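Line by line, the protein sequences are chains A and B. Under our numbering, the first residue of the first sequence carries the number 108, and numbering increases by one thereafter. Under our numbering, the first residue of the second sequence carries the number 922, and numbering increases by one thereafter.
Hint data in this document are derived by calculation from the structure and do not stem from the laboratory. Any given hint might turn out to be false.
Rough simulated footprint, nothing fancy, chain A against chain B, three-plus residues with beta-carbon under 8 angstroms [as the list claims (entries may be wrong)]: (1) 983-990; (2) 1052-1060; (3) 1076-1083; (4) 1178-1190; (5) 1236-1246; (6) 1255-1264.
Here are the simulated DSS-like pairs of lysine-lysine, each with C-alpha atoms no more than 27 angstroms apart in a straight line [claimed, not checked]: (7) A/194 to A/273; (8) B/1061 to A/391; (9) B/1254 to A/194; (10) B/1061 to A/194; (11) A/194 to A/283; (12) B/932 to B/1272.
Ranges of calculated distance between the beta carbons of each label pair, as one might list FRET restraints [claimed, not checked]: (13) A/142 to B/1252: 17 to 27 angstroms; (14) B/1121 to A/113: 55 to 65 angstroms; (15) B/962 to A/227: 46 to 56 angstroms; (16) B/1146 to A/191: 37 to 47 angstroms; (17) A/198 to B/1020: 52 to 62 angstroms; (18) B/1213 to A/229: 30 to 40 angstroms; (19) B/1085 to A/240: 38 to 48 angstroms; (20) B/1133 to A/191: 21 to 31 angstroms.
Every value quoted in this text rests on a predicted model; they were computed, and no experiment measured them. Glycine is no exception: its CB is placed at the ideal position from the N, C-alpha and C atoms.
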Amino acid sequence: MTLETFLQQLANGISLGSLYSLIAIGYTMVYGILRLINFAHGDIFMMAAYFMVFGMVNFSLPWYISIIIVLIATIALGVLLERVAYKPLRDAPRMSIMISAIGASFLLENLATYLFTGVPKGFPDITFLTNSVTIAGVSLSVATIITPVVTIVCLFLVLFITNKTKIGMAMRAVSKDFETARLMGIKINRVISTTFIIGSSLAAVGAVLWGSKYPSIIPLMGVMPGLKCFIAAVLGGIGNTTGAVLGGFILGMAEIMLVTFLPALTGYRDAIAFIILIVVLLVKPTGLLGEKVTDKV
Amino acid sequence: MMNKIENKNNKTKRYAANILLAAVFIVVITLIDQNLIGDQYIKRVLNLSAIYAIVAVSMNLVNGFTGLFSLGQAGFMAIGAYTVAVFTVPINYRASIFYIVPQNQVLAQIHLPFFIALILGGLAAALVALLIGIPVLRLKSDYLAIATLGFSEIIRIVFTNLKTITNGALGIKSIPGVSTWVIFIVAILSIVLIALLINSTYGRAFKAIREDEIAAEAMGINLFKHKVMSFAIGAFFAGIGGGLFAALLGTVDPKQFYFTMTYNFLLMIVLGGMGSITGTIISSFIVTFGLEFLRFFDEPLAMFGYNITFFRAGFRMVIFSILLMILVLFFRKGLLGQKELSWKLISNIFKGKNSNKKSNKGGAA
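Just chain A, with the same shape it has in the complex (with noise of 0.2 angstroms):
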């Protein structure tokens, strides 16, 4: 293997891990508040890539105007999830509210299949994301390279939000201890729409960038970066933002480089993130930034 292929393959890693780091926080942000693994939120993902295909392609706007209308309609999805699937069973049993979750999923999964039927349907160019330059004799599209920075930056809004405004303190105090936060006179709804709101725009992004990089979208598109996601939270330590960040770093590093160094297991490189699932969950299971976290009865 040559070096040059090695850094393209390195670059790539990168910028799948950051693609997945961008989907975990939703993940982590959710799972923090509500103790929900919130199954739809791959199929919210998959739905804002359509809403890009849909705003360039079908009513022809130019991307920074369909960036901005995928953002609004990704939100009022996400909310509206919550407020369909998940609010009104907020005093139900897990099992209910879990199912609810499935549900919802699967219900995103096939209505997507009904509208935009399965025939994978092209994401558009946006050119200034798909050109490509040469680094050190190394050509990488533009959407490559943008995607870590993009990350980052958004890792340190939600810092942000989360750690010094005044929202972001009753986040910390639900995801502490949710009857308390409500006593205390935290309204929950709110703090809850909220992250959902957070989640879903960062989706949104993702998806924009994950289109302009893998330009096929079908219906069940976010059903294994879904499931990848919420592990590279596990990985990070659930509930911890900058966790969810470092797994989906590693995920994606660890998925670019056994398609690399062993071509021949290409075929299982969607298994290796629930290898190392288990290889977590039996080592350390509060993740690498967890906190130990001990049930009260």
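Position chain B against the provided structure of chain A, taking the given hints into account.
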């Protein structure tokens, strides 16, 4: 005194009714088996319902009775189905099935009777369940949902890649079929075994874990052991169901066991009632027949000369997922909740007694 006589009288009545029901059941199944009533289509859907009932009840054992959220049923079925497929296809057909990549030399020589292959499939599924369950079930069972959902995807990837054993994406054809009676007897046997397990001390421990893990542990129940046990036994019966599924369809390929198949079983146990075996059996038949008859939603429909535009491919699954959402949001208890169907329950419903009061007193009749 009067009460006692009435009770005894009722008991004989119920006994007679049970025998009558069993007799009717035997006659109907034999007639269908001999193709005397119904057509091939009805027969096939009935067989499918019985197979789905095994898998749904096995899923209810894990999800409804033990309170673990497992989504791996399609994967466990795949293991059972492939075991039956690999070992029961007649040896002289095999070269023509594995025409691109030849079958593994050792496996190509082995042919097993159907029942041994079926049990082997169940055991293989249980073994895989142990491998997943032992690391994952030590922790809070949230991770089980992701691990099992992921597993049922991985198993498909593995089966697509292990071409010398599974023939990859082409699948295995010419699996010998079985009669309706075999399917129904295996289904009844499996469900009775699960019911016996649930009513044993182990079953009571499972229910205690479902209700409150911490309290159950304080009562001396070994959480980890019981969770792994429930999970592995659930996988065993899903494997059995998968084996029958392969024999019924006559062909297996990795695409059949897409993880969305598990959602069918999820709908069945939610509709029937999480924690009700009879409810699950009834809903398996309702859902399987429903999914077949709802197929007309996928066909274009013209009414009064207009084409109704929303009748097209995929509409059936949209309805299916909306039904699942409505059930879990508004009718969380499903048909039977945690009760079991019995003559007592039926007569109570007809007498208009408040059956909710009964369940508070603790119980399945």
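- Query: Given the hint that residue 1061 of chain B pairs with residue 391 of chain A, does the C-alpha gap stay at or below 27 angstroms?
  - Reply: Within the cut-off at roughly 14 angstroms; holds.
- With respect to the beta-carbon atoms only, verify the hint that residue 1213 of chain B and residue 229 of chain A lie 30 to 40 angstroms apart. 36 angstroms, holds
- Taking 27 angstroms as the top limit, are the C-alpha atoms of residue 1061 of chain B and residue 194 of chain A close enough? 23 angstroms, holds
- Does the Cβ-Cβ separation between residue 962 of chain B and residue 227 of chain A fall within 46 to 56 angstroms? Given about 34 angstroms between the Cβ atoms, the range is violated.
- Query: the region 1178-1190 of chain B covered by chain A? Criterion: 3 or more residues, Cβ-Cβ distance below 8 angstroms.
  - Reply: holds (count 4)
- Message: Checking one constraint from the list: CA of residue 932 of chain B to CA of residue 1272 of chain B, max 27 angstroms. Satisfied?
- Response: 17 angstroms, holds
- Does the structure keep residue 194 of chain A and residue 283 of chain A at a Cα separation of 27 angstroms or less? Status holds; Cα separation ~19 angstroms.
- Counting residues of the region 1052-1060 of chain B with a beta carbon closer than 8 angstroms to any beta carbon of chain A, are there 3 or more? Holds, because 5 residues of the region 1052-1060 of chain B bring their Cβ atoms closer than 8 angstroms to Cβ atoms of chain A.
- Message: Using a Cβ cutoff of 8 angstroms, are there at least 3 residues of the region 1236-1246 of chain B near chain A, or does the coverage claim fail?
- Response: Coverage by chain A holds here, the residue count being 8 at a Cβ distance below 8 angstroms.
- Item | Status of the given 21 to 31 angstroms range, CB of residue 191 of chain A versus CB of residue 1133 of chain B | About 30 angstroms separates the Cβ atoms of residue 1133 of chain B and residue 191 of chain A, which means 21 to 31 angstroms holds.
- Item | Annotated coverage of the region 1255-1264 of chain B by chain A, confirmed only when three residues or more have a Cβ within 8 angstroms | violated (count 0)
- Message: Given a hint of 17 to 27 angstroms, does the C-beta separation of residue 142 of chain A and residue 1252 of chain B actually sit inside it?
- Response: Taking Cβ atoms as reference, residue 142 of chain A and residue 1252 of chain B lie about 24 angstroms apart, which means the hint holds.
Figure legend: structure checked against the earlier numbered hints; hints not met, in rising order: 6, 15.
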